[in-house]
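On the provided structure of chain A, position chain B as indicated by the hints.
As given, the protein sequences belong to chains A and B, one line each in that order.
Its first residue numbered 2, the first sequence is counted upward by one per residue in my numbering.
Its first residue numbered 74, the second sequence is counted upward by one per residue in my numbering.
Be a bit skeptical, because a hint or two may be false.
To be verified - Residues of chain B placed beyond 12 Å of chain A at every Cβ, according to the derived structure:
id, residue
1, Gly-106
2, Ala-127
3, Gly-286
4, Phe-332
5, Leu-347
To be verified - Restraint ranges, calculated between C-beta atoms of paired labels, are given here:
id, chain 1, residue 1, chain 2, residue 2, range
6, B, Val-78, A, Ala-120, 44 to 50 Å
7, B, Pro-80, A, Leu-182, 36 to 42 Å
8, A, Leu-114, B, Gly-251, 53 to 59 Å
9, A, Pro-112, B, Phe-321, 45 to 51 Å
10, B, Gly-91, A, Glu-53, 33 to 39 Å
11, A, Gly-137, B, Val-78, 29 to 35 Å
12, B, Val-78, A, Glu-53, 26 to 32 Å
13, B, Ser-98, A, Trp-95, 57 to 63 Å
14, A, Asn-94, B, Ala-337, 49 to 55 Å
Read the hints as simulated data drawn from the structure, not as lab findings.
Glycine is no exception: its CB is placed at the ideal position from the N, C-alpha and C atoms.
Chain by chain, the residues run as shown.
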Amino acid sequence: MLEFRKVTKAYPNGPIALNDVTLSVSQGEFVFVVGQSGAGKTTLTKLLLREEKPTQGQIILNGRDITKMRAGEIPYLRRSIGVVFQDFRLMPNWTVEENVAFAMVVVEASPRLIHRRVAKVLELVGLTHKAKQLPGKLSGGEQQRVALARAIANQPAFVIADEPTGNLDPETAWGIVKLLLEINAAGTTMLMVTHAKQIVDSLRKRVVALEGGCVVRDEERGVYHG
Amino acid sequence: MFTMVKPRTFGYFFQSAGSSLVRNSWMTLASIGTVAVALLVLGVFMLLAVNIGAMAAQVEAQVELTAYLADISSQQRSQLEAELKAIPGVAEVTFVSREEAWQKLLEWYGDNRHFLAGWEDDNPLREAFVVRAESAFRVGEIAAAVARLRGVEEVIYGREIVEQLLSITRAVRGVGIGLTAGLALAAMFIIANTIRITVFARRREISIMRYVGATAWFVRWPFIIEGLVLGLIGAVVASSVLAWGYYFAVRSLAAAIPFWPFVAPWPLLQSLALALLCLGALIGVVGSGMSVRRYLDV
Chain A
2 MLEFRKVTKA YPNGPIALND VTLSVSQGEF VFVVGQSGAG KTTLTKLLLR EEKPTQGQII
62 LNGRDITKMR AGEIPYLRRS IGVVFQDFRL MPNWTVEENV AFAMVVVEAS PRLIHRRVAK
122 VLELVGLTHK AKQLPGKLSG GEQQRVALAR AIANQPAFVI ADEPTGNLDP ETAWGIVKLL
182 LEINAAGTTM LMVTHAKQIV DSLRKRVVAL EGGCVVRDEE RGVYHG
Chain B
74 MFTMVKPRTF GYFFQSAGSS LVRNSWMTLA SIGTVAVALL VLGVFMLLAV NIGAMAAQVE
134 AQVELTAYLA DISSQQRSQL EAELKAIPGV AEVTFVSREE AWQKLLEWYG DNRHFLAGWE
194 DDNPLREAFV VRAESAFRVG EIAAAVARLR GVEEVIYGRE IVEQLLSITR AVRGVGIGLT
254 AGLALAAMFI IANTIRITVF ARRREISIMR YVGATAWFVR WPFIIEGLVL GLIGAVVASS
314 VLAWGYYFAV RSLAAAIPFW PFVAPWPLLQ SLALALLCLG ALIGVVGSGM SVRRYLDV
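Next comes chain A alone, as it looks inside the complex (with noise of 0.2 Å):
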C-alpha cells in the first residue's frame, strides 16, 4: 500500500536528510521506524504527509504517486493517514469530546456521525469517562490516547506514529503500544517511528533502521540495534 522509490530529500545548504531511500509496507503492516536524532525519521514522516516534497523519486500511497498530487488534492491524501505526535497536539481549551471531533468537523462528517465515532473511538482508548474534562486534568498517557482516538476518528487506512511514547513513562507508553497493536490488527496499516529499545526489542515487528538518511536495515522480526 506505500512504497518509497528511490526517494532522496535534500535542504538547500543542509545534509542530505534521506538518501536514495526504497521501502515498501503492506496493508495492514506494524512498522518500527528506528534510528538516532538526524536520520531521517522525521523527513519520512513530513514527505508521508506532503508537508515536503522530495528532490528525487516517488512515494506511491494507495497506488497514486503524492509527490505528483496538486495542492487541492493533499488534505485528502491527509485524511487517508492519521497522525499521532510525541507532544499530543491537543487544544488545551477544548474537551477530550471536542478535540476528538475536531478531527470530524474538519472534514464536514454530519453531526450525527461525529456524535457515534466519537463515543466509539473514547470507548476504544479508554476514556469515556473523560469525554467532558480538558486535556489539562489528563495524565501524560491519557492525552497521548486522545490523539490516538482524534487520529483514528475519521477511520485512516494508515497510521503514523511521531515517537508517540516519547514522553511518557514505560508502563503508560506500554498502554498506548497495545491500543496501537489493537488498531493494527482491526487492519489498520502502523508506522510507529521510535526510540523505546524495550518496546521494539519486545514486539519482534518488522524494524526498519535509518542511519544518515539511508535504510541500513529492514528485518522482518527485527530488534532495535542489529
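Relative to chain A, chain B alone:
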C-alpha cells in the same frame, strides 16, 4: 481552488470567527471604529453632494429668467413687453410689480417672514418681467437677447448658479472620495492586523486542522468571515450615525434655509446604508484576505 463547503459548516465558521472577535476585543473595537469613521466621512460627503446636486437640479429645471427694469415709464414698459415677446423661444412674459414681488417674497419666507420685518414700508424690490422660455436649453440665448434691450437693468437666470453649484458638488465629491479612500485603506490595514493576531492566536488549531485534512478554504473561511463581520459592523455603526444625524440636520436646517430643497431622508438613507454596507464588507474581506494570504500557510 474555491472548494465548496457544506452549509452547516458555516455554523462552525461563524462560531469560530465570533470567539476570535470576543477574545481580541480591543482590536475588534479598533477595527470597527476605523471602518465606521471611514464610512462616516464618505457618507457625510455623499449627503452633502446629493443635496447640493438637488439644489442645482431645481435651479436648472427653471425655464424662467428675470429681467429687472430700470426706472422707466409705463409706456416704455409696454414697448419693452412687446419686444420681449418678439424674442424667438419666449413662451410667456409676465410683469411683476414691486408690490407683487414683495407679496411673493413674503409667501416664500412663509413662517419665517419675521426676517423681513422692517422692510414693509421701504420696499427694496425692483419691477421686473419674468420671461418663460419654451425650453431650458434656450434660456441662455434668450437671456443674452433680453439683456441687450433698452430699459432692462439686469438679467438673472439659473445657469450661472447651476454651474457654481455643480462645481461645488464635484469638489465635495472629490474631497469625500479622496478622504474615504485614505481612511478605507487605513481600516483595511487595521483589519489585516487584527486577522494576523487571530491567525497567530490560532496557529495550534490551524496546524491540527492541516494534519487532519482540512481543505485550504476550510481553514481560511473563519478568518474571512471575521474580517467581513468587522467591516459590516463598522458599516452599520456609520449608517446609524448618519441616519440619525441626517434626520436632525435636515429638521433644523429646513427651518433655517427654507428655500433649500433638502433631499428626503427616505429612501436616500436606505441606498446610502446599502452602499456603505457593501463597502464595509469589501474593506473587511480585502483586509482579512491580505493577512490570510501572507500569514496563513495552508
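Consistency of the hints with the structure:
No beta-carbon of chain A comes within 12 Å of the beta-carbon of B/Gly-106; the shortest separation is about 28 Å. The claim that B/Ala-127 is not at the interface with chain A holds, since no C-beta of that chain comes within 12 Å of its own (minimum 52 Å). Residue-level check failed: B/Gly-286 sits 4 Å from the nearest beta carbon of chain A, not beyond 12 Å. With a closest Cβ-Cβ approach of about 63 Å to chain A, B/Phe-332 is found to remain outside the 12 Å limit, as its non-interface label requires.
At roughly 33 Å, the least C-beta separation between B/Leu-347 and chain A is larger than 12 Å, which holds for a residue marked as non-interface. At about 26 Å, the beta-carbon gap between B/Val-78 and A/Ala-120 misses the expected band of 44 to 50 Å. A beta carbon spacing of about 41 Å between B/Pro-80 and A/Leu-182 agrees with the range 36 to 42 Å that was offered as a hint. Separated by about 55 Å at the C-beta atoms, A/Leu-114 and B/Gly-251 satisfy the suggested range of 53 to 59 Å.
Taking 45 to 51 Å as the suggested C-beta distance range, the pair A/Pro-112 and B/Phe-321 conforms, at roughly 50 Å. At about 35 Å, the CB distance of B/Gly-91 to A/Glu-53 agrees with the hint of 33 to 39 Å. Taken as a hint, the range 29 to 35 Å holds for the pair A/Gly-137 and B/Val-78, whose Cβ atoms sit roughly 31 Å apart. Between B/Val-78 and A/Glu-53 the CB atoms are about 27 Å apart, so this pair conforms to the stated range of 26 to 32 Å.
Between B/Ser-98 and A/Trp-95 the beta carbon distance is about 21 Å. The supplied range of 57 to 63 Å is therefore violated. Between A/Asn-94 and B/Ala-337 the C-beta distance comes to about 52 Å, which sits within the given range of 49 to 55 Å.
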